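Enquirer: Which chain is which? The protein sequence lines are A and B, in order.
The numbering of the first sequence is UniProt numbering, which starts it at 1 and goes up by one.
The numbering of the second sequence is UniProt numbering, which starts it at 1 and goes up by one.
Honestly, the hints are just simulated from the structure, not real lab data.
Note that the structure is predicted; figures quoted are calculated from it, not measured.
Hints are not guaranteed to be accurate.
Straight-line Cα separation of at most 16 Å, EDC-like style, residue types lysine to aspartate or glutamate; simulated pairs [stated by the list, open to error]: (1) A:Lys118 with A:Glu334; (2) A:Lys160 with B:Asp129; (3) B:Lys121 with B:Glu95; (4) B:Lys121 with B:Asp134; (5) A:Lys163 with A:Asp277; (6) B:Lys189 with A:Asp350.
Derived list of chain A stretches under chain B, where covered just means 3 residues or more per stretch with a C-beta under 8 Å from a C-beta of chain B [what the hints assert, rightly or not]: (7) 116-127; (8) 368-378.
For glycine and all other residues, C-beta sits at the position ideal for the given N, C-alpha and C.
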Amino acid sequence: MRFISESSKERIPCYRVLDDNGQPILGHNFVQVSEEVAIKMYTDMVTLRTMDTIFYETQRQGRISFYVTAIGEEAINIASAAALAMDDVVFPQYREAGVLLWRGFTLQEFTNQLFSNKYDNGKGRQMPAHYGSKKHNYFTVASTIATQISHAVGAAYSLKMDKKDACAVTFFGDGGSSEGDFHAALNFAAVTEAPVIFICRNNGWAISTPISDQFRSDGVVVKGQAYGVRSIRVDGNDALAIYSAVQTARQMALTEERPILIEALTYRVGHHTTSDDSTKYRPTNEIEWWRVARDPVARFRKWIESNGWWNDMAESELINNLRHKLLHTIQVAEGVEKPPLADSFTDVYDVLPSNLREQEQWLKEIVKKQPQEYPANILV
Amino acid sequence: MATLCQGLGVVIPLSSSNSSNFRLPSRRSISAWKDGIFVVRSDARVSQVLKTGGPNHELLIPNAVATKGGSSVASTSKPGHELLLFEALREGLEEEMERDPCVCVMGEDVGHYGGSYKVTKGLATKFGDLRVLDTPIAENSFTGMGIGAAMTGLRPVVEGMNMGFLLLAFNQISNNCGMLHYTSGGQFKIPIVIRGPGGVGRQLGAEHSQRLESYFQSIPGIQMVACSTPYNAKGLMKAAIRSENPVILFEHVLLYNLKERIPDEEYVLSLEEAEMVRPGEHVTILTYSRMRYHVMQAAKTLVNKGYDPEVIDIRSLKPFDLYTIGNSVKKTHRVLIVEECMRTGGIGASLTAAITENFHDYLDAPIVCLSSQDVPTPYAGTLEEWTVVQPAQIVTAVEQLCQ
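Isolated chain A, as found in the complex:
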């Protein structure tokens, strides 16, 4: 009689390509990235970082109500998107705006959503940072944790039935892996042999819950084997490692018709959201160490600079352009009017039913009677 130990002697090793100085580690294979792709990856990572910094400040100034940053996780965001194809359908949690950025969502489109103005393609119905774009195959973010993991398996099943050359990709955090949906989705993806990539951003924190309180397993990667899912642990702050792992996973998912689990180890440098102050539950020096010594953007920059593809001048030009552009998009978005009252009632169903029409009429009449009680910048 022999019990299997609750933990193995050694932790699952972590795949990485670049060392902390951005130099390729000898003997570690990786998928080669062209100069063009590398430059786009780097500029998008910087754009994401700058977006996050400026929009965070915008919330602090009271100009938007809420924001979610991805600081520290730029490599996961951008490199994974770079390794996927546009036809691959993405089911995000809420810390993956970079994937949408890579796919071509413009800064103005991001800003419109944050300001919930009439140009938001969500028609002002979701919280800021809950982006969604059918055009970019990026499914609208819902605040519920891990529900998108099941959706991704359903989508993969749909793609498989239609025999499409595309896979489903879903993102979630370490906390999300505790939800029931995670377990059932992995299990079922394995049973149905669905082409789906599960990417877990293990960033160490679920709001104030550290991973030691989240699970007692060796992270999330070990759970893959329990469900019969091939998995890999990757250094989440190493853009090249993420790129290689995701691209390989995609090939496996499509050619072998199987799900793949990728655990990307990283750190949530920012607060959970603008409603959180993480210095209340973790030491400031820990945050600073990860922000500086383990910065994924700086690390990748060192690699492209050593290849001669980037320099200081390009850097300062990029930063200046970005700041200027972002401040302009904010100014524009702020001035655009909000969606009309009618948009409160449309899209609940495909066609407006009579009870909602009545409710809309009633509301319109009240606003007409007492216009001073209602905001002036909403069209009735």
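Given chain A, work out where chain B should sit, using these hints.
Expert: Just chain B now, kept in the frame of chain A:
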């Protein structure tokens, strides 16, 4: 009115005996008028109501109409075929799966086992394992899978082995299924059907006797219908599958073996319509699902006692067909609601509020609502029988109402 008449140009009158019932459709139904197939309304009006997405635009004019009196046999001038309610559901599902390759089924034991109530029997053999998918015991997740599949282009029919199990799927149904079309700004639609047996059965225990329609009725973005006869079961199944909105189809554990003769021709019913079971003058009795049969049994007794009840099977639980209900209230001025839901927060409670709000002036007496008691359903047979509304109580209630 002019636009109404133009649209009406395609309405085909039925046999002469029914043409006197011909009425212009309400303003409410204009918005549902699109190209497509014909739908039989409960009073034998035929009109174009539904939008078809599929390749076949079949003209379907069945002669079957809603049931008359207490019998559950549809009167037809053409011979149809007899089947049981669960077979009617299967027939509807099978026809839709043949018509549209995007329709698929997912649920526990729906594949080769054929479903615990045999609604999906034979479908896995016919359409393959991929289209009739067995899921693990994870209701929230396979409902989520259905939602993801629907957003990516499929039309899944998710089966809850018992409606009560869908309490586990509440998160997905409320927060995602009902919401994503709205929060995405209309970019992603969710044409999913969620169905399963619910209601109080024969000693199934409290956990298997839930009436989920009470809990789901508030969720914006979904539609709810309840079938009660093989005829409307097939028609509602087909309508639910063709709808672009998420629809929850409530079946009842004790009604699966009802037998009826249904038309051979294809037909689809309207999701938002109530069914006139027995026209009358003295009192409007509103009911749905299994309670319809208790009401019809009580109606026999009432007729013998000289009453003339009008019985309407509301069928559409969300939204209510206030047009049909309203016309009835305006005629009889008395309303009795008979439901299986519990007293607090059930469909009857909402219906009472809706009727009072809209038709208060037409009521000669307060609305009476007969519901199950606010208790978990006991296992003992006699106790279970008495938590549910019985025909004797319905008779007494009508007598009191008509005093």
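Enquirer: Quick check: the segment 116-127 of chain A, covered by chain B? Criterion 3+ residues, Cβ under 8 Å.
Expert: Coverage by chain B holds here, the residue count being 6 at a Cβ distance below 8 Å.
Enquirer: Mind checking the alpha carbons of Lys121 of chain B and Glu95 of chain B for me, to see if they're no more than 16 Å apart?
Expert: holds, 14 Å
Enquirer: Taking 8 Å as the C-beta cutoff, is the stated coverage of the segment 368-378 of chain A by chain B satisfied by three or more residues?
Expert: It is violated: at least three residues are needed, and the segment 368-378 of chain A offers just 0 whose Cβ sits closer than 8 Å to chain B.
Enquirer: Quick one, are Lys189 of chain B and Asp350 of chain A close enough, alpha carbons at most 16 Å?
Expert: holds, 8 Å
Enquirer: Does the structure keep Lys118 of chain A and Glu334 of chain A at a Cα separation of 16 Å or less?
Expert: holds, 11 Å
Enquirer: Next pair to validate is Lys163 of chain A with Asp277 of chain A; report whether the Cα-Cα distance is within 16 Å.
Expert: Cα-Cα ~47 Å, so violated.
Enquirer: So if I understand the rule, the pair passes when the alpha-carbon distance is 16 Å or less; does Lys160 of chain A with Asp129 of chain B pass?
Expert: Status holds; Cα separation ~13 Å.
Enquirer: Does Lys121 of chain B pair with Asp134 of chain B here, judged by a C-alpha cut-off of 16 Å?
Expert: holds, 13 Å
Against the hints set out earlier in the document, violations occur for numbers 5 and 8.
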